[in-house]
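Undergrad: Letter by letter, the chains look like this.
2 protein chains.
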Amino acid sequence: MSLTVVGSIAFDSVKTPFGERDRMLGGSAVHFSLAASYFGEVHVVGPVGDDFGESELSVLTEHGIDTTDVERVEGGDTFFWRGHYDYDLNTAHTDDTQLNVFGDFEPKLSEGSRSAEMLFLANIQPDLQRQVRAQCEGARYAALDSMNLWIDTARDSLLAAIGEVDCTIINDAEIRELTGEPNLARAAAKVMEIGPRAVIAKQGEYGAALFTESGFFALPGYPLEDVRDPTGAGDSFAGGFLGYLDGEGGDLDDATLRRAMGYGTVLASFNVEEFGTERVARLTREEIDERFEALRAMTQFEVPADLP
Amino acid sequence: MSLTVVGSIAFDSVKTPFGERDRMLGGSAVHFSLAASYFGEVHVVGPVGDDFGESELSVLTEHGIDTTDVERVEGGDTFFWRGHYDYDLNTAHTDDTQLNVFGDFEPKLSEGSRSAEMLFLANIQPDLQRQVRAQCEGARYAALDSMNLWIDTARDSLLAAIGEVDCTIINDAEIRELTGEPNLARAAAKVMEIGPRAVIAKQGEYGAALFTESGFFALPGYPLEDVRDPTGAGDSFAGGFLGYLDGEGGDLDDATLRRAMGYGTVLASFNVEEFGTERVARLTREEIDERFEALRAMTQFEVPADLP
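So the sequence lines, in the order shown, correspond to chains A and B. Heads up: the first sequence begins at 1 in the working numbering, then just goes up one per residue. Heads up: the second sequence begins at 1 in the working numbering, then just goes up one per residue.
These aren't lab readings, by the way, just hints derived from the structure by calculation. Ideal Cβ positions, reconstructed from N, Cα and C, are used throughout, including at glycine. Any given hint might turn out to be false.
As the list claims (entries may be wrong) - Short, incomplete list of chain A residues facing chain B, as computed with Cβ under 10 Å:
no.: 1; residue: 213
no.: 2; residue: 215
no.: 3; residue: 224
no.: 4; residue: 227
no.: 5; residue: 298
no.: 6; residue: 303
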């Protein structure tokens, strides 16, 4: 089994009340692929510039991630984002975005990336998402992320892209904005009418909710006393979620999707404990499974003995 | 076993995007006691004015609630609140508050109310909460709710009141404000240092989280496609939570507290489906247990078979 992700590979400069970092490795495809790498084979697709060195690339290759489709654009600069968070770590404040090589990105997938069984279209322009979806015809399960920028500026393309995937993973505020429906359950139902069999509403520190045809499932965020940098948490969630699904193979029934929600929650929680990719890059599968079991212990309860 | 609640008995005028009601029965003690009435004996303590009629009182007495300590103040008017909600139903906008008979309220508990085993101090001035706590010396479990108004204007009294209860049930933003700690897990730990063995963070549509010495538990809000009026949801949560605990007797161990969180979540969900007390007033215990089981089915997941 294998998993392809297309998205941004970036340098991020981030300041939070708990510290700051300048030009650290980031980007949606990076956070996703590191999280997913603990479950199986991952192919990453995205452009970088001359400023992207071997030390950055090796963070990926050391995790066994296939970087064949990390396209180096000569004379170009890597995507750059600068942002900060105040004590409300749910809200990112963007101070600077430089698209750089991402501005002219035309995804061209190698055979290895094209033949993956699962596909994640990270938050990029929806027409690019559709191009990649079309190249990965054989993927039996595809998911996408998006954001308010594309809802505002490329709504029709985004709706078409959503219609071509099995699962939509976006922030709950964006599900409401996309559908014009303030009630989350109704909004998720409207997204499913477009095509996806599953909708995941990411809710920041409150966790995530899964809507499928057969019902509803939700998990709280894993409680942490130290949250240093939430950048990339949503992509690490998606990486844990799809990575686990890819590792499972077979039927993606509701019980499997629920466990995948658990792994997504766990990877997101490791992501936010340190800056950028610092924590997720040095995880072990044992640490992941331990926290998965801890999360399960925190969310289970029994029916009263006297209930009929 | 029995349960006493002190709090407001009110007329509420509420407008939401889904309708409006004028001077309907409301108030924290009313929402709480109706929710708790499905589990056992409830005594309600609070003042009303001449405008509070038999039809209002009978909503309580028809649920078997003891209204001996509903104190009628001659020549006075009942507490009145007018508010509205926009599509973000998590935020109440207050348009008018008339304390009326509540302004001079001095709780005097009858023997029945004083001898209850459990006590809920709904969101009222913390010195009043302490007076009632002192009168209910024998209560083996006491909980309180509060709000930002008392954090701002009666902080020392509130801290003293919190120090005298076993469980604090407040909105998560208020736990952060009270402790000056933006991280919820740390904030809850700080509240427990004041005295309570348990802290419940109410999170609106995102559900509620329970912090105890032995750990963390959280439940999402029950997903509803129709939410009409969130007024009283927090008090219905507390009524379901403490009502279930009271019905259990015995040790209030973590497993029991978790089930109580489930019943709180269920009662809050019924509360918001219609205006004011309309839905909770005509519930059956069977409907409550059915939704409890549905909630459990929505939140459980299994460890993967291949996990060591």
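Undergrad: Could you work out which earlier hints the structure fails to respect and list their numbers in ascending sequence?
TA: Result: hint 1 breaks, nothing else.
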